[in-house]
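Colleague: Sequence:
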Amino acid sequence: MVAWAVRRRAGRAIDRLRRDRRGVYMLEFAIVANALILFLAVALEFAMQMLVSTALDHGAREASRGASLGPVGNLQTSNSMLTRVLTLSGLPLASWARTPPVLTAQLFASYAALAGAPSLPADGSCPGSAAWTDTVGGSGGIVRYCVQFNARAFLPLGSLVPALYRHRAFFVIKNEPY
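Numbering (the numbering used here), first residue to last: 25 to 202.
The hints are simulated quantities; they were obtained by calculation from the structure and are not laboratory data.
Quick caveat: nothing in here was measured; it's all calculated off a predicted structure.
One or more hints might be untrue.
To be verified - Here are the in silico distance ranges between beta carbons for each label pair:
{"no.": "1", "residue 1": "R46", "residue 2": "S119", "range": "47 to 57 angstroms"}
{"no.": "2", "residue 1": "L184", "residue 2": "R85", "range": "48 to 58 angstroms"}
{"no.": "3", "residue 1": "L181", "residue 2": "P116", "range": "20 to 30 angstroms"}
Note that the Cβ used here is the ideal one computed from N, Cα and C, for glycine as well.
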């Protein structure tokens, strides 16, 4: 009789625990919140790098418009062109750089030579000469500029995918005959 009463009391306790829903929502939130926070962090990191890439493209496009008409002042250097690209991007890109940005230039005799040039390196680097002075290509020259920009991670999680932070922007200019 005592064993029967103990089993009955234990069965009631188990039924009461089974029907008790207190704390279930907190447990569900603890499970789902981690995935939600990770998703938001990845989305923020990706959006930040897309913003940097778009701003770099915009700065390169605006700088190419001005560079096709001739040098600024009497001398056009790689540093002045790079400063122009970063300034015209509309964002403080120089402060977001992990390493200093690099601008390279390659001179081509014709558009056919440009089309026949070897494909771009897959490692994210820019082909061409990084240090030059004066107007590259001279009068009527065709020049391919490349800006290599390594951005910082927005969140510490971002250092897991280093390829996400290497940005390149290219622009081709045919210099005006001046």
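Colleague: Could you see if the CB distance from L181 to P116 stays within 20 to 30 angstroms?
Modeller: At roughly 23 angstroms between Cβ atoms, P116 and L181 fall inside 20 to 30 angstroms, so the hint holds.
Colleague: At the C-beta level, are R46 and S119 separated by a distance inside 47 to 57 angstroms?
Modeller: Distance hint for R46, S119 holds at roughly 50 angstroms.
Colleague: Assuming the hint says 48 to 58 angstroms, is it satisfied by the Cβ distance from L184 to R85 or not?
Modeller: violated, 31 angstroms
Hint compliance for this structure: hint 2 alone is broken.
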